[in-house]
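S.K.: Residues per chain are reported as follows:
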Amino acid sequence: MTALSAADWQAIGLTLRLALLTTLILLIVATPLAWWLSHTPPQQSRHHWLRSAVQALVALPLVLPPTVLGFYLLLLLGPQGVIGSTLQSLGFQHLAFSFSGILIASVLYSLPFAVQPLQQAFQQLGRQPVEVAASLGAGPVDRFITVIFPLCRGGFIVAATLSFAHTLGEFGVILMLGGSIPGQTKVLSILIYDHAEAMNYQAAQQLSLLLLLFSFVVLFLVYGLQRQLNRSDR
Amino acid sequence: MNLALRANWQQGDFRLNIDAILPINGITALFGRSGCGKSSLLKLIAGLTKVPDARVYFQQQCWQERRHFVPLAQRRIGLMFQQPGLLPHLSVQQNLLYGFQRAAPAQRRLQPELVQDLLDLHPLFKQAVSTLSGGQQQRLALGRALLASPQLLLLDEPFAALDNQSKAEILPFIRELVQHTGIPMLFVSHDTREVEKLADQLVLMADGQLEQQFSMQQALAQPDSPLFVDADAASVFFGVSGSADAFGRVPVYSNVATTDCQLWLGHCNFATGTELRLRILAKDVSLALTPISDISIQNQLPATIQAILPHRGNLLVHLTLADGQLLLSEITPYAAAQLRLTVGMQLTTLIKALALS
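If you're matching them up, the sequences are chains A and B in order. Going by the numbering used here, the first sequence opens with residue 1, and the numbers climb by one from there. Going by the numbering used here, the second sequence opens with residue 235, and the numbers climb by one from there.
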């Protein structure tokens, strides 16, 4: 095995930064969304269809080819798109082929991996502990910190890990929206593709193995930890 | 104290339709069959569901009207459900103090030491929450609710999941606590025994509507009392326990203090001076025209017949004791004819000491 090149290290750094930021944003976005989805007051049936629609939207990245998501984001965020052109008229850059662009794409692409474990954890929690805490004078933030988070920590750990690991493995969306700009959008998966395209199999092999081992270790630790948590709850 | 409620709310087949002012001094039982809307009403009061266009006032405080809606966390209501709802990741002590720590110091009405003593919680502190028995969990939940210094206690069938032993463990605490703290309590129940043991007044509910409000004595005096629909007819004797005699019998003196109105209980462990409610099944009360000396029944009280009403093929005789308390006796039409019972008649009621609880 030869040493990793500077370009390899740059891609690794970029990938980790993307995955960490995506995970962070996802936890902030997915928590209220999952709460809303899991706690349908049964009497509010007028929201019934809205909830189903949101649930379907959240799950879309699971079934769509990543290229489709990337394609629409390119249209939307690019110089001709609604968001891209608005940003330009305000004096900003459009978001295609930029780190911000692929960050937005990653958040959307990994959304189901954050929402679903949280939704499940919240459903399992039920309404009662939260209602009891409210009756004892705990406000919304207090309830989240002292009741919801500690009782659903397993769900949060799984959501964070899956978001992180899934972002590491992202390829199609980034290729469509981000292209392959070193330091901006050239993440590990893209670099491996470039190496392979250039018949540079040894470099591709090195990075692939690295990604494989890293992903396995992360998932292994999470599932092990989850088992541990489940056991201590009983 | 009172609650002013108005709601007209359709959910599927069920309609909650209420416009009433409920007086809620002491312990109020919300009584009715399952599915009549008791729990929905409780949720309306607590603000657990945002019932559209409803109006909820507690005393002068507006909890809900038009756009104004006070969230549960600011209503200062103590809630207890069938499941105790203890927080499993906290210790017994942390659970107990969860509400106390969040109450403004100026609003704290009870100190943890007092509640711990009243509910006998000290022995639980070394245990994990998950190892407590059902009755212990409910006791802890009750203590936790009280320490948040609520203005109102709402209990939704809090004893339904408990076995008789645990129930007997917690019921006496409840009356004592309400008397001690003065916090009004509204509890939902469909258990007649529970209601008769605890409630000062009764609110009846059926089909999403409030039917009637009674004091306990009024409710028992109703010939077709809804309390007797699913359970045997019974009356309640309000009294205070005296000290046991040489045989271990405990006398119970009438609350209304008349010397010749006193019942004997079999062996039991009440401290002298405990306020008691004796539930007396109408079936356990026999009638005699004169006092009988050579008989094992020790409780022989003079009474006057107020009314004789048909009750499930038998007769329910309404009697007043010397102190004015109501006593019910269920007898066969044959016995009534033999004794030639008529309204206004004076006679002797016979109650076995062991029939009292």
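Don't take every hint at face value.
[Said to hold, decoys possible] Pairwise CB distance ranges, derived in the manner of DEER restraints:
#1 A:GLY224 / B:LYS284: 50 to 56 Å
#2 A:PHE149 / B:SER364: 16 to 22 Å
#3 A:GLN228 / B:ALA402: 39 to 45 Å
#4 B:HIS302 / A:GLY169: 35 to 41 Å
Just so you know, the hints here were simulated from the structure itself, not pulled from any lab data. Where a beta carbon is used, it is the ideal one built from N, C-alpha and C, also for glycine.
S.K.: Compare the structure with each hint and give your call.
M.R.: Hints, one by one, checked against the model:
1. Checking the proposed 50 to 56 Å range against GLY224 of chain A and LYS284 of chain B shows it is violated: the Cβ atoms sit about 43 Å from each other.
2. At roughly 20 Å, the beta carbons of PHE149 of chain A and SER364 of chain B sit within the given window of 16 to 22 Å.
3. As the Cβ distance of GLN228 of chain A to ALA402 of chain B is approximately 41 Å, the hint placing it in 39 to 45 Å holds.
4. Remark: the range hint 35 to 41 Å for HIS302 of chain B to GLY169 of chain A is contradicted by a beta-carbon distance near 50 Å.
The structure shown violates the earlier hints numbered 1 and 4.
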